[in-house]
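One-letter residues, chain by chain:
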Amino acid sequence: MTEISDTFRIPIIKLHDKLIVSIQMALSDRLVMQLKDDITTRIERVNITGLIIDVSGIDVMDSYISRALRDMGLIARLMGVRTVISGLDPMIAMTLVEMGLDLKGVSAALNLETAIELLDRKPAKTRGKGAAA
Amino acid sequence: MTTDTQRLQTELGDLKARLKRQGESLEFLQIISKTFVSLSLNDKSAICDTFNSMVSSFMDARKSATLLLSTDGDGYDVVSRQGVSDPKELSGSEANEVWRWVISERIARFVDGEDLRSRSPSLFEIFPDGFACVPIDIREQPVGLIVLADKVNGTEFSGEGLEFMSAAAGIVAVTLTNAESHAIQEGLIKSVEQQAKEAQRVAQEREQALEELDRKLEIIERQRFAIQELSTPVLQLWDNVLALPVIGVVDTRRSAEIMERLLAEITEKQVRFVILDITGVEVVDTRTADHFIKVIKAAELLGSTCILTGIRPAVAQTLIEIGVDLSSISTLRNMQEGLKECLRRMRDLNSNDVEEI
Amino acid sequence: MSDTRQQILEILGGHMSAILARSVLSLSISWSKVDPNRLRPGDDNRLLAELEKGCRLYVRDDTLRQTCMEQMQTLLTINGHTLPPPEEPPRLTRVPVLGESDIVDARGIGRLVCNKLGFSGAMQIKVATAISELARNIVQYADKGEITITTLNGNRRGIEVVARDEGPGIADISLVMSDRYNSRTGMGIGLKGTRNLMDEFDLKSTPGKGTEIRVRKYMD
Ligand SMILES: Nc1ncnc2c1ncn2[C@@H]1O[C@H](COP(=O)(O)OP(=O)(O)O)[C@@H](O)[C@H]1O
Ligand SMILES: [Mg+2]
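Residue numbers (our numbering), protein chains in the order written: chain S, 1 to 133; chain F, 1 to 357; chain V, 1 to 220.
Keep in mind that the hints were calculated from the coordinates and are not lab data. Among the hints, a few may not be true.
Unchecked claim - The calculated lysine-lysine pairs, modelled on DSSO-like cross-linking and capped at a C-alpha distance of 27 Å, are:
no., chain 1, residue 1, chain 2, residue 2
1, S, K14, F, K44
2, V, K192, S, K104
3, F, K294, S, K104
4, S, K14, F, K63
5, V, K192, V, K144
6, S, K36, V, K192
7, S, K104, F, K269
8, V, K192, F, K294
9, F, K151, S, K14
10, V, K144, S, K36
11, V, K217, F, K294
Make the full structure from the sequences, and use the hints.
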């Protein structure tokens with residue numbers, strides 16, 4: 001017997017000097033935890049400078065998921081990697097704000113292209129520009 | 001001096017072209033992942049087929065093949081191919097020898113014609129100009145490979161092309177491993193959809209009697225919507241700049257509408273800057289201010305920067321008196337100043353690219 | 001005590017994987033709005049009809065599926081006459097929250113119900129997010145419990161979500177609802193956030209007995 005939850009993994013793609021994670025499904029807590037682990041191991045193993053988490057396919061973002069995303073960003077930062085979240089659904093953004101949540105520590109970008117631009121810019125220049133606080 | 005400038009300009013041009021190509025390949029990879037997730041392909045050959053045709057079209061390769069380790073583990077089966085007429089030529093013992101060799105390197109690489117001629121005359125006949133290939137690894141074990149050859153424009157497979165292929169191979173690998181879970185997921189989605197449809201049908205039957213009433217309500221609703229739209233126009237001021245002049249009283253309901261519309265437009269038009277102009281708002285209390293702050297925060301979560309303009313003197317005074325903190329938000333005199341600021345920041349964004357050189 | 005739910009699961013489990021059996025059953029329950037443990041006359045057929053749809057997807061072999069359906073029919077006929085009539089109103093969906101994977105189910109079902117009611121996309125997401133918070137609290141702090149989703153058809157159309165558990169309860173409600181509360185387990189913002197997202201929020205909790213949180217969102 002196969003349980004979805006035991007085999008499914010969110011793909012992490014390495015491209016050039018970045019890791020790209022594209023979340024295209026409803027996130028269970030297990031998937032979130034697995035992703036956090038997977039990202040951490042991948043950052044340790046490969047030489048990259050940026051992490052892009054594309055959340056355009058996520059169903060909802062509650063406090064657990066948003067904390068996990070924030071944590072991924074913080075962990076990545078400790079390992080010298082900057083994180084950009086891209087493609088957040090406008091209705092989810094509104095829900096986050098109404099709940100009083102934010103994604104401190106990670107930047108936001110409208111799409112993959114701007115996410116890459118953001119990461120390719122000099123870190124010092126990025127601060128306070130375009131990125132969500 | 002002029003030659004220096006010219007050289008810099010060519011370099012800049014090259015870099016921009018490469019950046020564009022990088023962006024394209026990323027978008028393409030995203031499309032591939034999305035395709036796989038949404039198609040929920042469960043069949044190895046269907047996965048390889050879709051993939052083979054997507055990658056070869058992106059790389060402009062006339063010939064391509066995807067091979068997977070055969071069940072006995074001895075050789076490779078051609079699961080999908082394009083532009084190669086006889087699959088037998090690709091899975092003979094001589095060919096298998098070559099596949100084993102290229103896979104053992106574990107990286108995407110290009111094998112040139114000469115090298116190939118000495119290893120396998122029969123493969124050389126199919127790929128006289130050599131081929132690019134990348135292994136498909138599942139849990140660090142190679143399970144197959146992708147072969148591309150004969151670019152339409154005659155160019156070579158570059159480092160970036162090979163890197164794209166590795167990333168793409170990563171997606172196939174994940175898709176193959178996930179195939180089984182996809183099957184289950186697909187089933188779940190289908191059953192939800194089917195039942196949703198069924199429920200809808202039942203509801204429709206019941207509501208036939210109320211149809212007339214509904215139609216009237218709909219007309220009223222549409223009119224209300226049109227009026228709403230008029231009272232909160234979202235203007236595209238510039239290529240990357242939206243402006244939202246808010247006029248009148250902003251209550252909870254209005255602000256929810258404003259927020260919903262603005263955010264939807266930001267995503268739809270993919271704009272980097274938004275000017276929220278409140279010249280037309282005469283009274284601001286804590287709640288209204290809170291609404292504005294929320295809109296601005298939500299826009300930033302999407303990756304767009306929001307500037308607040310047109311705060312009237314009386315409004316500014318009230319805001320300070322009631323202790324609303326707008327210090328985290330950029331505020332400017334009026335819409336013109338706001339637009340200037342957006343254009344300045346946009347220029348900054350672009351000039352940064354040049355500084356990177 | 002005869003647990004019909006469990007017995008159905010066992011029958012389904014003989015024909016498909018455990019997770020499929022669970023999802024077929026929970027979807028059948030939510031769409032037929034029948035609680036197998038509180039069967040009224042006529043309920044069995046409605047539930048069976050939904051179960052059959054699920055089985056058609058996962059039990060491809062006709063004879064096997066027929067056997068499976070017959071087993072369930074017999075079970076429901078026997079249990080149907082021995083159980084007392086339900087006291088719950090019919091427009092209600094129950095989602096048992098027994099583990100982490102039920103969180104995704106619960107919010108998905110909540111969203112479907114809102115969609116059926118004609119809630120806007122933004123409202124659907126808000127309700128789904130609130131359900132996700134409540135369901136997760138049940139799993140995290142009370143181990144197990146139940147979420148019920150009721151459609152409100154009175155003069156204000158909307159949806160009511162009740163999260164109930166018999167866990168340890170919340171000792172200091174005003175503390176966890178205060179702005180300065182910061183939990184070690186999460187962000188400490190699940191309940192406050194839920195209150196902000198919904199139109200009505202009511203929290204009752206008795207330490208040692210359990211917690212019941214009732215929230216409402218209206219369409220207008
Ligand atoms: N169902 C419950 N049973 C017992 N305690 C609970 C329950 N739900 C919430 N709590 C308590 O209330 C606190 C606040 O919950 P919440 O706002 O969701 O924040 P978080 O879950 O992030 O800590 C929790 O830390 C927990 O102590
Ligand atoms: Mg919580």
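Structure versus earlier hints, numbers of those that do not hold, lowest first
none
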